[in-house]
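K.L.:
Residue numbers (numbering that gives the first Met the number 0), protein chains in the order written: chain A, 0 to 118; chain B, 0 to 237.
Everything labelled a hint here was simulated from the structure, so no lab data went into it.
Fair warning: this is a prediction, and the values are worked out from it, not measured in the lab.
Please note that a few of the clues may not be correct.
According to the in silico footprint, chain A covers these stretches of chain B (three or more CB under 8 angstroms from chain A) [unchecked claim]:
id, segment
1, 65-77
2, 135-149
3, 174-180
4, 188-196
For every residue, glycine included, the Cβ atom is placed at its ideal position computed from N, Cα and C.
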Amino acid sequence: MSFLADYVHYVGSFGLVLIGLYIVLVKSNLIKVIIGINLIDTGVNLFLVSVGYIRMGTAPIFSEAEAAGRQMVDPVPQALVLTAIVIGVSVVALALSVAIRLYEHYGTLDLGKIRELKW
Amino acid sequence: MRKALSLVVLLVLALGLASALRGPSIGAEANRGELLDDQKVNFGRRYNSRAVEETGASNVVASVLVTYRGLDTLGEVTVLFIAALGLAVLLHTGRDRKSGKEAEPPSLILFTGCRFVFPLILLFGAYIFVHGHLTPGGGFQGGAVVASGFLLIYLGCRGRQPDRERLNVVESLSGVAFVVIGLIGLAVGGSFLLNFLPKGSPYALLSAGIIPVVYVLIGFKVGCELGGIVGDLSGARR
Numbered sequence: 000m001s002f003l004a005d006y007v008h009y010v011g012s013f014g015l016v017l018i019g020l021y022i023v024l025v026k027s028n029l030i031k032v033i034i035g036i037n038l039i040d041t042g043v044n045l046f047l048v049s050v051g052y053i054r055m056g057t058a059p060i061f062s063e064a065e066a067a068g069r070q071m072v073d074p075v076p077q078a079l080v081l082t083a084i085v086i087g088v089s090v091v092a093l094a095l096s097v098a099i100r101l102y103e104h105y106g107t108l109d110l111g112k113i114r115e116l117k118w
Numbered sequence: 000m001r002k003a004l005s006l007v008v009l010l011v012l013a014l015g016l017a018s019a020l021r022g023p024s025i026g027a028e029a030n031r032g033e034l035l036d037d038q039k040v041n042f043g044r045r046y047n048s049r050a051v052e053e054t055g056a057s058n059v060v061a062s063v064l065v066t067y068r069g070l071d072t073l074g075e076v077t078v079l080f081i082a083a084l085g086l087a088v089l090l091h092t093g094r095d096r097k098s099g100k101e102a103e104p105p106s107l108i109l110f111t112g113c114r115f116v117f118p119l120i121l122l123f124g125a126y127i128f129v130h131g132h133l134t135p136g137g138g139f140q141g142g143a144v145v146a147s148g149f150l151l152i153y154l155g156c157r158g159r160q161p162d163r164e165r166l167n168v169v170e171s172l173s174g175v176a177f178v179v180i181g182l183i184g185l186a187v188g189g190s191f192l193l194n195f196l197p198k199g200s201p202y203a204l205l206s207a208g209i210i211p212v213v214y215v216l217i218g219f220k221v222g223c224e225l226g227g228i229v230g231d232l233s234g235a236r237r
């Protein structure tokens with residue numbers, strides 16, 4: 000199989016991280032930077048989940064009518080990602096409240112104007 | 000200039016990541032065929048094969064989250080609490096509230112529709128966190144659904160806001176109860192957050208010891224906390 004077909008989930012997650020990093024580096028609107036941080040977060044979560052993925056594996060939940068012969072994926076990264084999603088939500092909420100206060104103080108969300116940066 | 004520099008940085012990063020992927024294969028897919036031996040413990044496979052008999056919960060992720068890694072979950076709840084606290088401090092201190100802009104009252108259809116849907120959303124959230132040890136979902140997911148109900152109230156029924164004092168009381172009490180359950184485990188069996196209740200038969204609603212109890216508490220706590228965050232961000236008065 001080709002590189003892309005084998006690693007499509009890794010390519011997708013790193014792609015999300017890179018897109019988020021690009022937004023953080025280039026955009027000067029504070030809300031867009033927060034969206035970029037959120038994209039990086041999503042990419043990392045997707046990477047962690049796909050590390051525990053087994054091809055054709057099912058979710059690690061037993062039921063009375065058990066799917067015979069299908070291996071279950073690794074539950075540890077899933078629990079870790081559950082934690083990471085909640086932490087990500089709180090980080091984004093805190094960042095948004097800081098953005099609200101910055102907007103009230105400076106009257107703008109442009110990072111260049113807020114910190115008087117040159118580029 | 001800035002764009003070009005950023006693209007160069009990203010290109011270097013992408014090449015590094017691609018070359019890292021070309022090396023020996025990583026992840027659970029790479030070592031799926033190996034058997035468990037005593038020297039090498041694969042936690043995922045160990046949990047998958049033993050979690051049901053050890054904790055009684057059919058959802059392995061829930062048993063990892065609440066029993067095997069219960070302390071991490073307590074830390075996670077604490078982080079969420081600190082974030083909500085910081086948000087409230089940031090948004091409500093040293094701030095002169097502009098009282099001139101009063102929001103337009105909602106139309107009758109919107110108001111009645113929101114009041115009709117709100118209890119159904121709460122019921123669905125409660126279903127998700129009560130069944131956290133049996134089906135996909137759990138305390139955090141159910142709490143997020145409950146908070147979406149609060150968001151609906153804040154957006155659709157202006158003027159009828161949830162009682163923030165009561166939300167805070169429910170949130171604090173469930174957080175304290177989580178710690179108390181952990182301490183009871185410490186007193187009974189000598190380890191924090193020990194699963195001291197009877198495990199029952201798997202696949203039943205009343206099974207898995209403390210897992211459903213803790214998930215219900217987490218559901219209440221996260222729902223009230225996220226509801227408070229939504230209220231703070233939407234500019235509601237405390």
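K.L.:
Next, verify each hint and record whether it holds.
P.N.:
Hints, verified against the model:
Closer than 8 angstroms: that is the beta-carbon criterion, and the segment 65-77 of chain B has 4 residues meeting it against chain A, so the requirement of 3 holds. Check on the segment 135-149 of chain B: 3 of its residues sit with their Cβ under 8 angstroms from a Cβ of chain A, so the three-residue criterion for coverage holds. Coverage of a stretch by a chain is defined here by at least three residues with a beta carbon nearer than 8 angstroms to that chain's beta carbons; for the segment 174-180 of chain B and chain A the count is 0, and the condition is violated. Residue count for the segment 188-196 of chain B with a Cβ under 8 angstroms from a Cβ of chain A: 0. That is fewer than the three needed, and the coverage hint is violated.
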